[in-house]
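Protein chains: 6
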Amino acid sequence: MMNRILITGAAGQLGSVLREKLKGHAKVLRLSDMADLGPAGEGEEIVPCDISDGDAVMDLVEGCDGIVHLGGISVEKSFDLIESANLRGVHNLYEAARAHGRPRIVFASSNHTIGYHDQTTRLDHTSPYRPDGYYGVSKIFGEAVASLYWDKFGQESALVRIGSCTPKPLNWRMLATWLSEDDFVSLIDTVFRAPRLGCTMIWGASNNDAGWWDNSHADFLGWKPKDNSADYLDEIARTVPRPGPEEPVAKYQGGVFTDEPIHKS
Amino acid sequence: MMNRILITGAAGQLGSVLREKLKGHAKVLRLSDMADLGPAGEGEEIVPCDISDGDAVMDLVEGCDGIVHLGGISVEKSFDLIESANLRGVHNLYEAARAHGRPRIVFASSNHTIGYHDQTTRLDHTSPYRPDGYYGVSKIFGEAVASLYWDKFGQESALVRIGSCTPKPLNWRMLATWLSEDDFVSLIDTVFRAPRLGCTMIWGASNNDAGWWDNSHADFLGWKPKDNSADYLDEIARTVPRPGPEEPVAKYQGGVFTDEPIHKS
Amino acid sequence: MMNRILITGAAGQLGSVLREKLKGHAKVLRLSDMADLGPAGEGEEIVPCDISDGDAVMDLVEGCDGIVHLGGISVEKSFDLIESANLRGVHNLYEAARAHGRPRIVFASSNHTIGYHDQTTRLDHTSPYRPDGYYGVSKIFGEAVASLYWDKFGQESALVRIGSCTPKPLNWRMLATWLSEDDFVSLIDTVFRAPRLGCTMIWGASNNDAGWWDNSHADFLGWKPKDNSADYLDEIARTVPRPGPEEPVAKYQGGVFTDEPIHKS
Amino acid sequence: MMNRILITGAAGQLGSVLREKLKGHAKVLRLSDMADLGPAGEGEEIVPCDISDGDAVMDLVEGCDGIVHLGGISVEKSFDLIESANLRGVHNLYEAARAHGRPRIVFASSNHTIGYHDQTTRLDHTSPYRPDGYYGVSKIFGEAVASLYWDKFGQESALVRIGSCTPKPLNWRMLATWLSEDDFVSLIDTVFRAPRLGCTMIWGASNNDAGWWDNSHADFLGWKPKDNSADYLDEIARTVPRPGPEEPVAKYQGGVFTDEPIHKS
Amino acid sequence: MMNRILITGAAGQLGSVLREKLKGHAKVLRLSDMADLGPAGEGEEIVPCDISDGDAVMDLVEGCDGIVHLGGISVEKSFDLIESANLRGVHNLYEAARAHGRPRIVFASSNHTIGYHDQTTRLDHTSPYRPDGYYGVSKIFGEAVASLYWDKFGQESALVRIGSCTPKPLNWRMLATWLSEDDFVSLIDTVFRAPRLGCTMIWGASNNDAGWWDNSHADFLGWKPKDNSADYLDEIARTVPRPGPEEPVAKYQGGVFTDEPIHKS
Amino acid sequence: MMNRILITGAAGQLGSVLREKLKGHAKVLRLSDMADLGPAGEGEEIVPCDISDGDAVMDLVEGCDGIVHLGGISVEKSFDLIESANLRGVHNLYEAARAHGRPRIVFASSNHTIGYHDQTTRLDHTSPYRPDGYYGVSKIFGEAVASLYWDKFGQESALVRIGSCTPKPLNWRMLATWLSEDDFVSLIDTVFRAPRLGCTMIWGASNNDAGWWDNSHADFLGWKPKDNSADYLDEIARTVPRPGPEEPVAKYQGGVFTDEPIHKS
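Residue numbers (UniProt numbering), protein chains in the order written: chain A, 1 to 265; chain B, 1 to 265; chain C, 1 to 265; chain D, 1 to 265; chain E, 1 to 265; chain F, 1 to 265.
Each hint should be verified, as a subset may be incorrect.
Pairs count within a copy or across copies, as identical chains cannot be separated in the list.
[As the list claims (entries may be wrong)] Derived pair list, reagent style DSS-like, types lysine-lysine, alpha-carbon separation capped at 30 Å:
no., residue 1, residue 2
1, Lys-264, Lys-77
2, Lys-152, Lys-264
3, Lys-27, Lys-226
4, Lys-168, Lys-77
5, Lys-251, Lys-152
6, Lys-264, Lys-21
7, Lys-251, Lys-27
No lab work stands behind these hints: they were computed from the structure.
Working from the sequences, and respecting the hints, build out all of it.
Here it is in structure tokens:
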């Protein structure tokens, strides 16, 4: 069993899920965010932290033997906001990990690194980046930093390009992108348990009938997602209007992010 | 629910199956063939049509929001017969679809487009054509027409390279090529339901243990065939003499079609 | 030295060039067309022929030990015209070759088999077809027939996807597509001389600095084109307005053919 | 049903398993080894044989319609020992098979042919050899001999790169390499039953959640392993210390074989 | 002829070269840097600018129909320095280009985006990033921004991964990485002249006998470098000690950059 | 300059050529063979040696900083002869090199490792082996040993799959396979001069117009063969009957070796 897992961005939607579901996966969960996390529960430590503050991150990481990095901005925003949280923030995190014994990092990357690929195109780990906004660009930056620290220092990372991690799929596009919360948890367990991780990109999607992403390069880890968006197909077909084939939500893997402008703030 | 699905070649073996199994998948099934189709059942329209007659096909397609094109010749025949039904016929169909709002087309292509590949060779959607007769050549022609109308006009098509669509597999080769009738129906449903189809080739085979064809490029559609020829392996082993490794039925993916001569009529 | 080379379509632009340039490459050049070819010169035979007439083609091919098949339609036309000349015509030619000892065939295929590929995309012999009109579709049909006769009968063919065979390149697109007349002649010589040809697709372009097509799969033949469109770059830059990046002539490999409608006659 | 299956190396660990489990898969099991095999059971023939003795092997193979070749050395040893058993022995076996009607051969190859590949790398049938010792080199030799006899004489072989064939997986590495005994038996059955085998490499691993090897090129055979090392994951996690990511057993597919010296005897 | 080319980083080593060699390639060269550029020569405009100042960059780009972006840091430095010049700076540049009619951008990327690849490995445009420092990471960021602006806005860019642009190659590694100044100039000309550019990565190396990078995907541009590092091989062999095969300068494509620490300032 | 290059098999046809042409490429050429080498010339050492004698080879290698291993059998022979010279011999050589500081080895491999590939197929360094005899199998064994010693001990090797090294090409097949003597010498120089070699396969053919083999993976070495078999095409066309397309010499890359039987002595 692990000693202490750090969850950054723990006050967010996904962070809240993991706060509950990773309970008991380590002796201590260290939870961090800029937003209020409420009181620490049993087996929890609360460490408020601005991820763009290098010294604070250095302290935050100390004593952890695993990190789930959800911190930062997770939608399209201005360059300034993304720079602070997602560029500088990732730099700070990897420097802190390097200083503190290189605990494994699960880095929450995103499908928006490849959002301009057509939904009729199957991708694997060698497919080119096609970001659909500065958010996606920042995740490419993060993957590049992870690669650098692996080659230079042996820091291991899982780069999880999360599709849509929600309790259930909510629209036609999510039939392909859905990552169930339980499957995300089992992925984190798998990553922390494996004897060898390296610096491995993993498509973060469940065992959906429909899908765009080939994870076979990462079969060495033995992660087998169990949930399937197809269980919700009839519900979606009844309740969500089917988009036309040329609408962004049906055409591009990044969906409506491809329609986002460049944000100014 | 769809309004009206057109089935061409509806009097044939496969057409008869779909006439039954697609009942209720649209408000109306429009059934067409040169051969007699009997009286129209409930929810059926009978429209006799010679597919090589452009004007007739133009009328035939009007008012349909989906087409399953089984019409034409489905075995090796003379060039003249194939020209009329499978070359001119496909031209007529795509022109009619273009004129009438571009309903999606399920085009019954064939494994005989690639029949000279060795059975020990795994194919995917990028494998080269190797037709085993003029029938196979005509299906390549049809796939090319579909590609043209997609690039030029946005016409969507599913190019289904059907293996062997029969109630059950009947010989050793069909252990790989079998497409169960139910799986074909679920494929048609999937194609008509998907938000985006594009112009996509799909290998028409069930979830057989043995197989030559990789459909992963089309996983975006979410089609999951359920049937498995392996359920019939023991029966075939008991009742069908096992061919030698150099017999056409065991050597080539197109089987005995590779032994066909050029037909003169 | 060869005994008799048949040139079909010998009255056309390219046919006229080869009539001159292949003089002396065989004891006899048999020249055929529906159009008037004038009187036979020394070492020439004139055999008028409608390629859509199977019996006539059967006679035409007899006694030849090499065929350069330029006959048929070489621009976008109606299906009826293309059917007669390019579908039926190719069928007739291959049947005649099969009946008369399988002389090698140089089949004039076209870049319009792949015309919808972007000009920024490099293609090789495994790239998918993307025809830009019925003309392109008919050349795909011809390549499929050639493949069939190779696998079934051992008929050897060179499938030459000609770019633009003109005395010199005339516009920006031809900087990539230009095939000089001399290079075409040397290709024909190479094809007829090689001990083994098989059924080989060859991109018909000169040794241009700019190009989209990779011929390395056919290096076994030893064809080395000598001419280079770059010698005409300055002249084109001075005299031809540079198209914008989204104009068909600059965007698609098939150029303005992608703008052609479906012809009705 | 087969008439007589020969098992070489039948006194070894794997041979003993197959002696039991292949009982009844042929009318007669011919069991051979240099070591004592005890008395012949029902449906068994005992034929002691030194595989390096060509004349003896010639006799051994006579009358068999299937061969499972486990004979030879299966760990790292000196060149002299490997030469005699695994180089000369394979030569003798294929010469004998050629002389006696070319019964199909299941050749026990090994993961040590590719042992220096990283465990984070997914391999398929086209991946380069990277042997981790002379044992691995000798199996490459054997695969090359099998290829030669297929191309020259039509001898069919299954080249099974066995991972770890044990009653259950015993350590972290075997989560990927485990081949259950039952799955090995079903593979042998599949190989002997298939109408066409050719000369096909098959990764010898069960249906493990974790794995490095892609067998899809061999799907034409229809082999579906049933067992899964993941059933033993908890037991291994409790009882076997997890290796660090840079230890040979976690880093290389060949595991500790990569740490072996060159043996002198 | 172009109207106005902007060169950022014009006071640097490479900028000074282009200031001279691009003279006359446009009516006006607009030269910009934070460092002193001296007085403007004929056909020159001097516009001092801090690339991290968005408003200033907005003004800088106005009126230009081509940009050669050399500005920013070109060696390994601290994150803070690289952030300001190479992350924020690139953002500013692309926003300014978007606001001012999307002049083509030649973006000086670097071999340090892939510096950890082994020198025995051949790369093409699909090879994965393996940055060797934050400098390399920042160039990956820049390539991602360029991709974003192409997909979202149609902004065209050439992403030139410059090897070593010096008057002549100076060591063994530069035999592979050398880009002569004249070849860089001809590349810029080619990029600005081409009818269609898209967003194309180009390896920035001369026509060296030794090399690691395959530019064939960009052959559509028609760039043919003329110089060859092999002309300097004897000189280097005489004057530069040959490194051992495991030294970073001989082992990694990024050379000694792989030995750089993380800089703190 | 190198100190001492060992040439094994120095009395053979190729050895005699190198004895002359490598004169002066090292201070001393150590020449070894079982056959008589005559008296030592200036800068030569004669060391008779049976390559199958491990102790003798151990002595032979001592003091050399480069090895050109031509020793062994270079045509199809019995297993016994090949075993002694080409299997045991290679083992002895690599053990000796390991004991004596790992001088680089140029290993004379052969096109007969891939001899059953069709001449219309282009190969690269990832193409599968298809040996055409025990000679070819033995060269695969040698390549595997070289790979093992690279991964385990860092021993560097060039695996040169020699086509046909003769003063000039002598038949149609050699138009593709010819390696001029000068080009072989320049390859050896390149291999010994390069800072990093690794364990690299190199196709041993000149800069022939016709060819089957892609050496681009080895471009990092900078070897540029100068000679071209096409200079002899007319001579061959005049003097050597052109083989039919199905004759082994025209069909298979290994030529008439594919027609060889298994030798018994």
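Against the structure, the hints:
no. : hint              : result
1   : Lys-264 x Lys-77  : both (8 Å within a copy, 28 Å between copies)
2   : Lys-152 x Lys-264 : between (36 Å within a copy, 16 Å between copies)
3   : Lys-27 x Lys-226  : within (26 Å within a copy, 36 Å between copies)
4   : Lys-168 x Lys-77  : within (26 Å within a copy, 45 Å between copies)
5   : Lys-251 x Lys-152 : between (39 Å within a copy, 14 Å between copies)
6   : Lys-264 x Lys-21  : neither (36 Å within a copy, 38 Å between copies)
7   : Lys-251 x Lys-27  : between (45 Å within a copy, 28 Å between copies)
Comparing the model with each numbered hint stated earlier shows that hint 6 is the single one that does not hold.
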